[in-house]
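Trainee: The primary structure of each chain is shown beneath.
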Amino acid sequence: MKSTTALFIKKISKRNEPYVFLVLLGLCILIEIRSGQFFSSNNLVDIASALIVPGLFAIGAFLVIISGGIDVSFPALASLSVYATTKYLLDINYQGGVWAAILMALAIGALLGAFNGIFIGYFKLPALIVTLGSSSVFRGIMQGALNSRQLTIIPQGMRNWGTSSLFIARNPVSGLTSRMPVAFVVFLVVLLFVFFLMRYTMFGRSIYAIGGSELSAHSSGFNVVRTKIIMYTMVGMIASLAGVIRVCMMQQAHPTNMLGMEMNIIAGVVLGGTAITGGRGTLLGCMLGTLLIVIVENSLILLGIPTSWKSVFTGALIIIGTGVSSYQVILMNRIKKKNNPNKEAA
Amino acid sequence: MAEILLRAQGIYKSFVGVEALKDVNFSIRAGEIHCLAGENGSGKSTLIKVISGVYTPDAGHIEFNGKRYTKITPIEAINNGIQVIYQDFSIFPNLTVMENLAFNSELAEGRKLINYRRMRSIAEEAISKIDFKVDLDAYVGTLSVAEKQMIAISRALMFNTKLIIMDEPTTALTKKEVRNLFSIILTLKKRGIAILFVSHKLNEVFEISENFTILRSGELVASGSTAELDDKKFSFYMTGRDFSARRYKVKNRSEKPIFQANQVSIPGFFEDISFSLHRSEILGITGLLDSGRTELALSMFGIKPIAKGSYYINEQLVQITNPRIAIEHKLGFVPEDRLSEGLFLPQSIADNIVISEIDKLTKKAGIVDQKKRGDEIAHWVKELAIATPDPNNACQTLSGGNQQRIVLAKWLACNLDILVLNGPTVGVDIGSKHDIHGILQELANKGLGVIIISDDLPEIIENCSKIIVLKNGTIAAQLEAQETDEKTILSYML
Numbered sequence: 031m032k033s034t035t036a037l038f039i040k041k042i043s044k045r046n047e048p049y050v051f052l053v054l055l056g057l058c059i060l061i062e063i064r065s066g067q068f069f070s071s072n073n074l075v076d077i078a079s080a081l082i083v084p085g086l087f088a089i090g091a092f093l094v095i096i097s098g099g100i101d102v103s104f105p106a107l108a109s110l111s112v113y114a115t116t117k118y119l120l121d122i123n124y125q126g127g128v129w130a131a132i133l134m135a136l137a138i139g140a141l142l143g144a145f146n147g148i149f150i151g152y153f154k155l156p157a158l159i160v161t162l163g164s165s166s167v168f169r170g171i172m173q174g175a176l177n178s179r180q181l182t183i184i185p186q187g188m189r190n191w192g193t194s195s196l197f198i199a200r201n202p203v204s205g206l207t208s209r210m211p212v213a214f215v216v217f218l219v220v221l222l223f224v225f226f227l228m229r230y231t232m233f234g235r236s237i238y239a240i241g242g243s244e245l246s247a248h249s250s251g252f253n254v255v256r257t258k259i260i261m262y263t264m265v266g267m268i269a270s271l272a273g274v275i276r277v278c279m280m281q282q283a284h285p286t287n288m289l290g291m292e293m294n295i296i297a298g299v300v301l302g303g304t305a306i307t308g309g310r311g312t313l314l315g316c317m318l319g320t321l322l323i324v325i326v327e328n329s330l331i332l333l334g335i336p337t338s339w340k341s342v343f344t345g346a347l348i349i350i351g352t353g354v355s356s357y358q359v360i361l362m363n364r365i366k367k368k369n370n371p372n373k374e375a376a
Numbered sequence: 011m012a013e014i015l016l017r018a019q020g021i022y023k024s025f026v027g028v029e030a031l032k033d034v035n036f037s038i039r040a041g042e043i044h045c046l047a048g049e050n051g052s053g054k055s056t057l058i059k060v061i062s063g064v065y066t067p068d069a070g071h072i073e074f075n076g077k078r079y080t081k082i083t084p085i086e087a088i089n090n091g092i093q094v095i096y097q098d099f100s101i102f103p104n105l106t107v108m109e110n111l112a113f114n115s116e117l118a119e120g121r122k123l124i125n126y127r128r129m130r131s132i133a134e135e136a137i138s139k140i141d142f143k144v145d146l147d148a149y150v151g152t153l154s155v156a157e158k159q160m161i162a163i164s165r166a167l168m169f170n171t172k173l174i175i176m177d178e179p180t181t182a183l184t185k186k187e188v189r190n191l192f193s194i195i196l197t198l199k200k201r202g203i204a205i206l207f208v209s210h211k212l213n214e215v216f217e218i219s220e221n222f223t224i225l226r227s228g229e230l231v232a233s234g235s236t237a238e239l240d241d242k243k244f245s246f247y248m249t250g251r252d253f254s255a256r257r258y259k260v261k262n263r264s265e266k267p268i269f270q271a272n273q274v275s276i277p278g279f280f281e282d283i284s285f286s287l288h289r290s291e292i293l294g295i296t297g298l299l300d301s302g303r304t305e306l307a308l309s310m311f312g313i314k315p316i317a318k319g320s321y322y323i324n325e326q327l328v329q330i331t332n333p334r335i336a337i338e339h340k341l342g343f344v345p346e347d348r349l350s351e352g353l354f355l356p357q358s359i360a361d362n363i364v365i366s367e368i369d370k371l372t373k374k375a376g377i378v379d380q381k382k383r384g385d386e387i388a389h390w391v392k393e394l395a396i397a398t399p400d401p402n403n404a405c406q407t408l409s410g411g412n413q414q415r416i417v418l419a420k421w422l423a424c425n426l427d428i429l430v431l432n433g434p435t436v437g438v439d440i441g442s443k444h445d446i447h448g449i450l451q452e453l454a455n456k457g458l459g460v461i462i463i464s465d466d467l468p469e470i471i472e473n474c475s476k477i478i479v480l481k482n483g484t485i486a487a488q489l490e491a492q493e494t495d496e497k498t499i500l501s502y503m504l
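So the sequence lines, in the order shown, correspond to chains A and B.
Heads up, the first sequence is in our numbering, so the first residue is 31 and it goes up one at a time.
Heads up, the second sequence is in our numbering, so the first residue is 11 and it goes up one at a time.
The following block holds chain B by itself, in its conformation from the complex:
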């Protein structure tokens, strides 16, 4: 066993009366891959900030290589070889790869003038450490998320780094890119660099990390070797709740289809897609990032209208050329990126809920009926258990799971027939994810037709009655959810 690189002992930290960390112990050895898991608000980011010197703990101490600190500054943390890669990577999209790589060390050395030749050699050295091939003169804004991450990693390695902390490193990566990242992490491990990565996706935790630490409401609930952890235990540690998988069974399937696609195409994205959806069915559509699944979802709601083929709603041909037409036909859409596409974040929770049915809440003169509005808001906040002290708070004060509930509430308030969801639980913690699945299943049982587009296979299998697998823009397979498993679906996807 390698020696212990970092140990945090009995850490307490509170913010204006709220205890974010309570007596947390944590340690990591040189070359160890360690996963720090926990739901939103469990204290994982606070712990990272304590380790990297951004926050000073109220009690407890930190040891680096056996040296004891009760208080540590960010500079001391960096000098001890700790580097944090945040989710935004701290990069400059408008500058070249070279400048992005070289700035940190130029700043650390206190340079005043720029020497482009020196910067180039610094940058070349940086990317050579992880064998990363990239055009140094390219603007970072034109690179993919994975490449931006590689830049952040190369940059972190430029200092005498012993521990790299990565905050949710796989969130925006494709499966292939995740694998690539993992192989780089393994190379770093061989060089004795420890990796602490923060995640709430369990398959990642199993695949790469040797040890884990799970926090819940600021307390350490479990830590140890990943080999002893399984799905059920993980979910339990994360949430403190016991989940039994509830596979969806169709109960009140309607005779006639409520929504049909007949050979729909958008050249370059998908071709010749046909399917039908009945009331109470939940149709799952899955595929890799480039399979055309997102474009298919957008076309159903008219954001990206189809070029060929036709959509039928209640057996009537409807040309869905823009979202207004879709809404008129009682079809609602929950976008993949709820933050930028589905919600008005700075606006109140209340306004976000009623926005799509605002026409129905007006009096004759077109003025909003405040009483009706209030009733409607109270109803949905209660129905979907949105955790807020006051619906007049801004939407951005809520966690990911609660934001997603508001997007749902917004649509359900319109009395929909069909609901299309693209990645309904991306970035949502396990507890909320479970609740959202419950809500969707219940709604389907009441007669809503639901389409879920997702690459989260357990989610698809658990919630859907039928599954369509897309590959390179065409249907690779149509499966019954009851009779399939992840392996089969994967084999069609790849």
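The following block holds chain A by itself, in its conformation from the complex:
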């Protein structure tokens, strides 16, 4: 019994998740001590609702990075599909529920994601180049063809869904209230779905396999091209879903305010222990890393640090976080080199 616990601890100490969790916990406690506001019910609900959109984006980015690729086009993709959806629904003066918006955005997202997937999977072009290019194309379509301006009014159905809440948390001290959006359920459903997909389906394992060695995956009989195309299509859908939620929650469609999020999202995923070279990482770590970034972005003010310093802190976090994980790799290699000759000598 004792040895199994020891083994468990030894195994877990090599992963990134426990460290990210400890840093996260430390930060939360620090903020709590300084402000006494962190663990208040309304702040926790605020953080949960701030996590929804970055969380969904991070799930998509996680899938792509695991497969050994990288996607920098998801904010542009989400912006285009949600902007096109909102504009179309406004033009036809649509009065129904939010479902039409979600389904339409998902369809556009699938199309745009497949566009990425075909270039990366079928034509075997580097993911970074393709998504840099498609990001520019998506933005261009939005600004040129759709003549994008800020839409201050969104369709009734989207507006209602954006303001509907699961419950409302009230801070007994300050009297402030926070709503838990219904969209949080959507986020949880996607999270569970992807968790199951990655762990218990051949499709999910093939994404890991491709990230480990594309050549081996091909010669083992995995359909690499098909897996990639389906995966990028799925990522496009998840990103578009995040886009719809964002617009509903903000009650307006702004064509450019999601752009530029990709760096922080990818940073969060990598911070959570996902190897940027592909093949290694867990959804749990990915979520912890994203949560850390979200908390730093939203709660520094509680520490008395002006929000203008936000980017300095996120930047530092990224450098430290990725630094720690690459240092672990160096350390592991050193141990391996020292151990191996001994093994041969024995």
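Derived by calculation from the structure, the hints in this document are not laboratory data.
Careful: at least some of the hints might be erroneous.
Pair by pair, the computed Cβ-Cβ distance ranges are [as the list claims (entries may be wrong)]:
| id | chain 1 | residue 1 | chain 2 | residue 2 | range |
| --- | --- | --- | --- | --- | --- |
| 1 | A | Phe226 | B | Thr152 | 48 to 54 Å |
| 2 | A | Phe226 | B | Ser131 | 20 to 26 Å |
| 3 | B | Val378 | A | Pro48 | 41 to 47 Å |
| 4 | A | Leu52 | B | Leu355 | 38 to 44 Å |
| 5 | B | Asp141 | A | Phe226 | 32 to 38 Å |
| 6 | B | Asp68 | A | Thr286 | 57 to 63 Å |
Using 30 Å as the maximum straight-line C-alpha spacing, the simulated DSS-like pairs for lysine-lysine come out as follows [as the list claims (entries may be wrong)]:
| id | chain 1 | residue 1 | chain 2 | residue 2 |
| --- | --- | --- | --- | --- |
| 7 | B | Lys243 | B | Lys476 |
| 8 | A | Lys154 | B | Lys158 |
| 9 | B | Lys122 | A | Lys154 |
To be clear about the criterion: a stretch of chain A counts as covered by chain B if any three or more of its residues have a C-beta under 8 Å from a C-beta of chain B, and this derived list gives those stretches [to be verified]:
| id | segment |
| --- | --- |
| 10 | 59–71 |
| 11 | 198–211 |
For each residue, glycine too, the CB sits at the ideal point set by N, CA and C.
Fit chain B to the supplied structure of chain A, relying on the hints for placement.
Mentor: Here is chain B on its own, set in the frame of chain A:
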């Protein structure tokens, strides 16, 4: 005699006008260990791919168990019990041993969902077939090359396998691991599984295989029983050239030593090593993989600086703490893994040759003098007989032997005094190996001090004037090459 398992008859295959295989016949019986040898580009990989169904032959046919095919698909080959283990083992370093073992059969059965318990039992069954002990939950990336190979073998055995083809299976293994592999091959043989292994190392061919087939430029040059083959014949069949062993004799040894090591150590790797090298001498340093030979080599060039002791160049104390200092003192280094450490593979041959002397080829303003550069490149391509139609081609278009020549050219262009080579002919075919040895001996005769670090004992004995044998990080013996043989060296090594 067991019945013939596979026969390939009159195989022709050409790629855009180049004939890769010309009328090749090949056969293997059940339980036979057969070696397919040949230099780079001789057509051995093409033949394997024809047998395993990756390529369709232009003419000729293949028979499995007497059944005749003029065309075969990879699936048909697998269904007929043929498995190929390529050099990269087709494994996933980021996944566990269990998943690596189970994926193939799960995919073959078209499973959509993962059942970890079923995968574990598949994996357990697979490793039990060759009595291979390994932690199924370990990540494959943390295992040694030999263990990865065992995984590839276990996986190959999961299908009703009758023939396993192994591509250069011993390249990255230590002597002990090679022996272990051979014992597994013998167990498989007892079970009636035939093994075809592709190699160009002759001691392996002699030790394990019963029959051999040698290809040269796509043609079958010899086949038969290994018992009738000897060193000389083997080299001749492989290259079509006759080699006489040229033992190196020092002619112009300098009075003063050009390079000395005085009690140098890196704790954990080697301790208290002292030696001296004169001009025109070729010093051989040998030992097992864990003897510290690689670290010693790296320390001379400053990649892994020494912790204690001192190096003297031309009788002057030099603290070699990084490669730049070594180069300033005219000491050059050819690394073990030329692919990752010695060359810029995607860059042109020309650029690779001039990279280390680029400072000397500039005009006053720091711009590269194109004429000087061109002359220098032409000179070395000719001097070292690098086989390329155009020096502007990328380095990776060349064979192993030619790549090694470029690494040499790169250093010789700097007018060196001392050249350290770690495993100079690893993965190089016999012909090129012979040429590289010739070049080294000639350079030493012209006054270069050479240090060769290698575990290829014939190479050491043939080319060196002095030999140092390392064992567990210390000098086990210092020998004169003229008065020693492989057995003596081995006895100090082990």
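Trainee: If a hint holds in the structure, say so; if it does not, say that too.
Mentor: Verification of the supplied hints:
Under the hint 48 to 54 Å, the C-beta atoms of Phe226 of chain A and Thr152 of chain B, about 28 Å apart, miss the expected range. Hint check: Phe226 of chain A to Ser131 of chain B, Cβ distance near 22 Å, so the stated range 20 to 26 Å holds. Between Val378 of chain B and Pro48 of chain A the Cβ separation comes to about 52 Å, which falls outside the hinted range of 41 to 47 Å. Look at Leu52 of chain A against Leu355 of chain B: about 42 Å separates their beta carbons, and that is inside 38 to 44 Å.
Between Asp141 of chain B and Phe226 of chain A the beta carbons are some 37 Å apart, a value that agrees with the proposed interval 32 to 38 Å. About 59 Å separates the C-beta atoms of Asp68 of chain B and Thr286 of chain A, a value consistent with the hinted range of 57 to 63 Å. At most 30 Å may separate the alpha-carbon atoms for a hinted pair to count; Lys243 of chain B and Lys476 of chain B meet this at roughly 29 Å. For the given pair, Lys154 of chain A sits about 28 Å from Lys158 of chain B by alpha-carbon distance, which is consistent with the 30 Å threshold.
Distance hint between Lys122 of chain B and Lys154 of chain A is fulfilled; the C-alpha atoms sit about 25 Å from each other, no more than 30 Å. Taking a C-beta to C-beta cut-off of 8 Å, the segment 59–71 of chain A contributes 0 residues in contact with chain B, too few for the three needed, and the coverage statement is violated. Coverage of a stretch by a chain is defined here by at least three residues with a beta carbon nearer than 8 Å to that chain's beta carbons; for the segment 198–211 of chain A and chain B the count is 0, and the condition is violated.
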